[in-house]
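Novice: Residues per chain, in single letters:
Number of protein chains: 2
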Amino acid sequence: MKYYTGCEESISFKEVNTAVEAAFAEHGRGAVQMPPKVYITLPKGDFRTMPAYLPALKIAGVKIVNVHPDNRSFGLPTVMAVTVILDIDTGRPEAVINATGLTDMRTGAAGAVAARHLSSVRRIILGVIGSGRQAQAQVDAISEVLEITEIRVWSRTPRNAEAFAQCNASFGARSVPIEEACDCDVLVTTTPATTPLVKSEWVHEGTHINAIGADAPGKQELEAGLLKRAEVFVDDIDQAVHSGEINVPISRGLFMSGDLAGTLGEVVLGKKRRSSPDAITIFDSTGLAIQDLAIAEIAMRKGSGTDLPFP
Amino acid sequence: MKYYTGCEESISFKEVNTAVEAAFAEHGRGAVQMPPKVYITLPKGDFRTMPAYLPALKIAGVKIVNVHPDNRSFGLPTVMAVTVILDIDTGRPEAVINATGLTDMRTGAAGAVAARHLSSVRRIILGVIGSGRQAQAQVDAISEVLEITEIRVWSRTPRNAEAFAQCNASFGARSVPIEEACDCDVLVTTTPATTPLVKSEWVHEGTHINAIGADAPGKQELEAGLLKRAEVFVDDIDQAVHSGEINVPISRGLFMSGDLAGTLGEVVLGKKRRSSPDAITIFDSTGLAIQDLAIAEIAMRKGSGTDLPFP
Chain A
2 MKYYTGCEES ISFKEVNTAV EAAFAEHGRG AVQMPPKVYI TLPKGDFRTM PAYLPALKIA
62 GVKIVNVHPD NRSFGLPTVM AVTVILDIDT GRPEAVINAT GLTDMRTGAA GAVAARHLSS
122 VRRIILGVIG SGRQAQAQVD AISEVLEITE IRVWSRTPRN AEAFAQCNAS FGARSVPIEE
182 ACDCDVLVTT TPATTPLVKS EWVHEGTHIN AIGADAPGKQ ELEAGLLKRA EVFVDDIDQA
242 VHSGEINVPI SRGLFMSGDL AGTLGEVVLG KKRRSSPDAI TIFDSTGLAI QDLAIAEIAM
302 RKGSGTDLPF P
Chain B
2 MKYYTGCEES ISFKEVNTAV EAAFAEHGRG AVQMPPKVYI TLPKGDFRTM PAYLPALKIA
62 GVKIVNVHPD NRSFGLPTVM AVTVILDIDT GRPEAVINAT GLTDMRTGAA GAVAARHLSS
122 VRRIILGVIG SGRQAQAQVD AISEVLEITE IRVWSRTPRN AEAFAQCNAS FGARSVPIEE
182 ACDCDVLVTT TPATTPLVKS EWVHEGTHIN AIGADAPGKQ ELEAGLLKRA EVFVDDIDQA
242 VHSGEINVPI SRGLFMSGDL AGTLGEVVLG KKRRSSPDAI TIFDSTGLAI QDLAIAEIAM
302 RKGSGTDLPF P
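Heads up: the sequence lines are chains A and B, in that order. Residues in the first sequence are numbered consecutively from 2, following this note's numbering. Residues in the second sequence are numbered consecutively from 2, following this note's numbering.
So that you can see chain A by itself, here it is in the shape it has in the complex (with noise of 0.2 Å):
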């Protein structure tokens, strides 16, 4: 068994996409196993297991991750993850990765399959909205797929937008009103709110959405009546029913899971695709299990690992 620190620094997002990718062809094959994550609630915050198989990679394993809103008061992320991996032929633990920095990134990677298949157009004003390690990791992905001319970024906290944007000033980056960071062409939405922060009136015909912050019940960006105005494809059904963009308007009944346009894996297959030019799409990423394997075996094949007794 092997230790690797995750080395994000030597994996660039043209590689990820690349695996993320092949990893939502298989998801919309049939051709992985990946159970629903589960939730275990702390005193401050949750963790969330993930198992998978991806047997067109030949890797099995189980990402561990954990969600502490409060983690910043101690210096410490906000998001932590380790995945195991094991030997798909004996089941021996083959490594055990620092997933944390592989997080962002995999995630980074979704939006930009998503972005790069559902948005009209191939040059790109970029609304995004917060600043945090999930923002930066949607520009950084999405750039390597779409032609950015330019962000526009709002956050909560002024400051951080006004550090987001000197941080992307390479893109035209700038802090701006939430309206305006909505009038956009692709918006990416990275936020923890629980209640809606993006009004339907503010986003015109053609945007496409990544909706990436929400990943827990309770957990909601965007107002329902944008859902209804939409296309929305999801990563996985059942876990965006459980716990992604939509699972606040389904268990309100303002959508129901018969309203989904499908999934992203069905977009990479081209089975399913925006209806039109003037269609507002959405994504609702929650994060699979499969995006941590693809990843994984990335940080696997660049790292060089420490030995570990095992068994």
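Hints in this document: simulated from the structure, not taken from any laboratory. Errors might be hidden in some of the hints.
The list makes no distinction among identical chains, and a pair is therefore deemed to hold if it is satisfied within one copy or across any two copies.
Here are the computed lysine-lysine pairs in the DSS-like style, where the Cα-Cα straight-line distance is at most 30 Å [to be verified]:
id	residue 1	residue 2
1	LYS45	LYS220
2	LYS59	LYS3
3	LYS3	LYS303
4	LYS59	LYS45
5	LYS59	LYS220
6	LYS3	LYS272
7	LYS15	LYS200
8	LYS45	LYS272
9	LYS303	LYS45
10	LYS15	LYS303
11	LYS273	LYS3
12	LYS3	LYS15
13	LYS3	LYS229
14	LYS229	LYS45
15	LYS59	LYS200
16	LYS273	LYS303
17	LYS220	LYS303
18	LYS45	LYS15
Treat the numbers as computed from the prediction; the structure is a model and nothing was measured.
Position chain B against the provided structure of chain A, taking the given hints into account.
Specialist: Below, chain B without anything else, positioned relative to chain A:
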């Protein structure tokens, strides 16, 4: 984050039995979070993901364990396991533990807890069906809580039974026909059988049975008629119905969860007990994630661990 090799050589069954009994008491009080195990099927076996949180011990984590019956031909154990422990206040991964040996010990301990509370006598003839690591763990754990005057062991492979008897000569162990092994005070069954080995007619009144082997759908060691004659206790109702000794009889309509006498947690708390000295009692063990957390706490306290860079 630290890596612990498990250090089971420095852990006694006496302390594991105590810790596992306390964990069952918490389970009986409903004071744990423990979703059912999640199974993933691999080409030559499977692996199970077992998350849990045990507030009384302030410990949370996930055990990941495989079952690959052909592994012995590769010189590897059939069952291997790692446990990942998270800090309950921050969700930070604290420890990765080699849990292969610890899994045997915590399963042995569950058998000891059940035998201590459910055996009708304190000085016992112990019957043992199977002669592998689980059989040995049952002997070692039970010998801490009851006085073993004789062991009668049967294995499908006679020379394995002979070797087991030699290893346990201090308990007066000998290899016998299966009917004779079943003629005892406490019987432990530890095989991967999928057709029942133990006939009801071989088991006399007053016997307590630890049914350890069945831990996946389709596995069964005891005739369904024996279950009907007995008072059947389980570690966890959901897991037992899915994958314990009762899973096949239930799926065939020969037993119902309403026929259960209770859980081991209820027995430990004194809420449930054998009805009379003449009753046959059965403990159906599937293995709980809280047992793994209880022994992980010991392994972390006793082991020194190797530092791994994280996050």
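Novice: Would you pick out the hints that fail for this structure and give their numbers low to high?
Specialist: Checked against the structure, the hints that fail are numbers 6, 7, 8, 11, 13, 14, 15, 16, 17, 18, while the rest are satisfied.
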